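Read off the chains here:
2 protein chains.
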Amino acid sequence: MRPHDRGDASYPVSEINQVKRLHDRGFYEYATVHALLDAAMLCHVSYVIDGQPFCTPTFFWREGGRLYWHGSSASRMLRNLAHGEPACLTVTHLDALVLARSGYNHSADYRSVMAFGKARLVEGPQEKERALVMMVDRLYPKRTAGLRPATAQEIKATTVIAMDIERASAKIRARGVVDEDEDYALPIYAERIPVSTVLGPPEPCPRMEASVARPSTLEGYAAGRSLEDAVSEAYTISAQAFRSGAD
Amino acid sequence: MRPHDRGDASYPVSEINQVKRLHDRGFYEYATVHALLDAAMLCHVSYVIDGQPFCTPTFFWREGGRLYWHGSSASRMLRNLAHGEPACLTVTHLDALVLARSGYNHSADYRSVMAFGKARLVEGPQEKERALVMMVDRLYPKRTAGLRPATAQEIKATTVIAMDIERASAKIRARGVVDEDEDYALPIYAERIPVSTVLGPPEPCPRMEASVARPSTLEGYAAGRSLEDAVSEAYTISAQAFRSGAD
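Chain order of the listed sequences is A and B.
For the first sequence, our numbering assigns the number 1 to the initial residue and increments by one for each residue that follows.
For the second sequence, our numbering assigns the number 1 to the initial residue and increments by one for each residue that follows.
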């Protein structure tokens with residue numbers, strides 16, 4: 001078992017990743033951090049160019065203690081991250097709005113991860129090819145095998161970035177309404193409103209012949225299901241396939 | 001009409017905010033940028049400490065061409081942004097997953113905004129008090145008036161950050177499946193899967209007396225509604241109230 005598959009091990013804690021505010025919300029175990037990462041489709045990556053921070057939304061995936069994300073070779077971000085630049089990749093799952101009896105105690109239930117490391121360009125053809133397959137198959141298991149193969153030009157035009165996680169922390173609030181003791185008796189309405197990101201009914205491409213059926217590997221992406229459940233399940237299936245392929 | 005309420009005006013375009021990749025996805029008009037900001041509850045803010053970028057999820061709101069966000073005085077981010085540090089605030093609305101006939105054309109429909117400026121600490125008591133009211137009322141119109149008033153300690157413990165938007169760009173993809181011309185005839189399944197963040201049934205605080213009813217001002221937060229619609233509508237109502245209050 002590789003170190004990053006051990007759920008009881010933790011990321012080291014330092015000034016950079018220590019959750020300072022409300023210490024009870026901070027977690028550093030691989031199992032907690034990785035589960036939150038693997039359930040997310042979208043992340044935001046921060047990087048610095050000439051002192052100016054940028055915060056860019058993108059798609060990503062994890063393999064062990066390494067994160068990958070991608071973009072066009074023309075992208076400002078990737079051009080500048082190519083030589084081991086410090087970066088921070090964050091995912092946030094919003095779970096509920098929290099309306100309390102004072103403005104101060106208004107909050108939200110959420111689960112987030114901040115991962116820190118040095119981002120580098122993936123240039124080796126084997127690592128890049130593997131990454132391009134994972135980029136699709138982590139979300140849609142085994143899908144690449146049935147697609148029109150990538151052309152040399154497409155592979156060239158796709159930039160893949162890798163970052164070994166040096167520090168990471170998860171921050172979780174799952175408490176609903178929490179008020180000051182003396183405020184509970186006040187006649188003020190307070191509630192928690194759950195929030196969920198869900199899938200709608202799939203819309204087949206209108207330019208597809210009617211004989212082309214939806215493959216069973218996409219059954220996890222069913223209308224009404226939470227995106228997080230679908231992505232998390234797909235990741236588990238794909239990670240098994242990748243591990244056995246790598247053995 | 002204040003300049004930032006004019007929908008036909010635009011943010012200036014420079015090296016920092018120009019959408020480089022796929023130019024047709026870039027928009028700079030106030031109307032487009034602001035509508036996407038006002039429909040979002042959550043943002044990610046990037047800032048730099050000793051060369052290390054941080055990407056922090058938080059809540060925010062807009063007034064004219066100014067963005068506000070907040071946090072505890074203990075927060076690492078806010079301590080360091082207090083003196084006019086460059087920052088980037090990003091919101092992302094994910095609309096659909098796009099499964100194409102090649103790996104290269106897998107994509108997503110989304111709408112995002114990146115806003116750039118110098119973040120500063122809000123210290124003036126009037127601006128801070130107004131900001132603390134807006135923080136709640138922009139999401140829940142008129143709610144602050146019915147809450148237990150903030151204490152001096154709570155106001156002191158809350159840090160409010162303001163950033164005048166110097167540059168901003170919106171990036172929008174709303175095209176569903178787009179494949180290479182020669183790929184459409186291939187017998188490969190392709191689809192668009194819509195994604196939406198929706199509200200669940202409100203969960204009243206269990207420590208509330210049964211006689212306390214849900215106020216009509218929360219009707220916009222109805223089970224099954226999209227969070228974006230509820231937030232956007234609440235913002236419109238609150239912005240009107242704030243404008244007439246300021247006149």
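If you're looking for bench data, these hints aren't it; they were derived computationally from the structure.
Treat each hint with caution, since some may be false.
Stated by the list, open to error - FRET-style restraints, in silico, Cβ to Cβ:
hint	chain 1	residue 1	chain 2	residue 2	range
1	A	K118	B	E15	23 to 29 Å
2	B	V178	A	P187	51 to 57 Å
3	B	Q126	A	E29	41 to 47 Å
As the list claims (entries may be wrong) - Mimicking DSSO-like on lysine-lysine, the simulated pairs with C-alpha atoms at most 30 Å apart in a straight line are:
hint	chain 1	residue 1	chain 2	residue 2
4	B	K118	A	K171
5	A	K171	B	K128
6	A	K142	A	K128
7	A	K156	A	K171
8	B	K118	A	K142
Since the structure is predicted, the reported quantities are computational estimates derived from the model, not experimental observations.
Beta carbons: idealized from backbone N, C-alpha and C, even for Gly.
Quick rundown of the hints versus the structure:
Between K118/A and E15/B, the C-beta spacing of about 24 Å keeps the proposed range 23 to 29 Å intact. For V178/B paired with P187/A, a C-beta distance near 55 Å keeps the hint of 51 to 57 Å intact. One distance hint, 41 to 47 Å for the beta-carbon pair Q126/B and E29/A, holds here, with the actual separation near 45 Å. For the suggested pair K118/B and K171/A, the alpha carbons sit about 26 Å apart, so the restraint of at most 30 Å is met.
Taking the CA atoms of K171/A and K128/B, the gap is about 27 Å. The hint holds against a cut of 30 Å. The hinted pair formed by K142/A and K128/A meets the criterion: a straight-line CA distance of about 17 Å does not exceed 30 Å. A C-alpha spacing of about 37 Å is found between K156/A and K171/A, which places the hinted pair above 30 Å, so the restraint is violated. For a cut-off of 30 Å, the pair hint linking K118/B to K142/A is broken: about 46 Å separates their Cα positions.
Of the numbered hints stated above, those contradicted by the structure are hints 7, 8, listed in ascending order.
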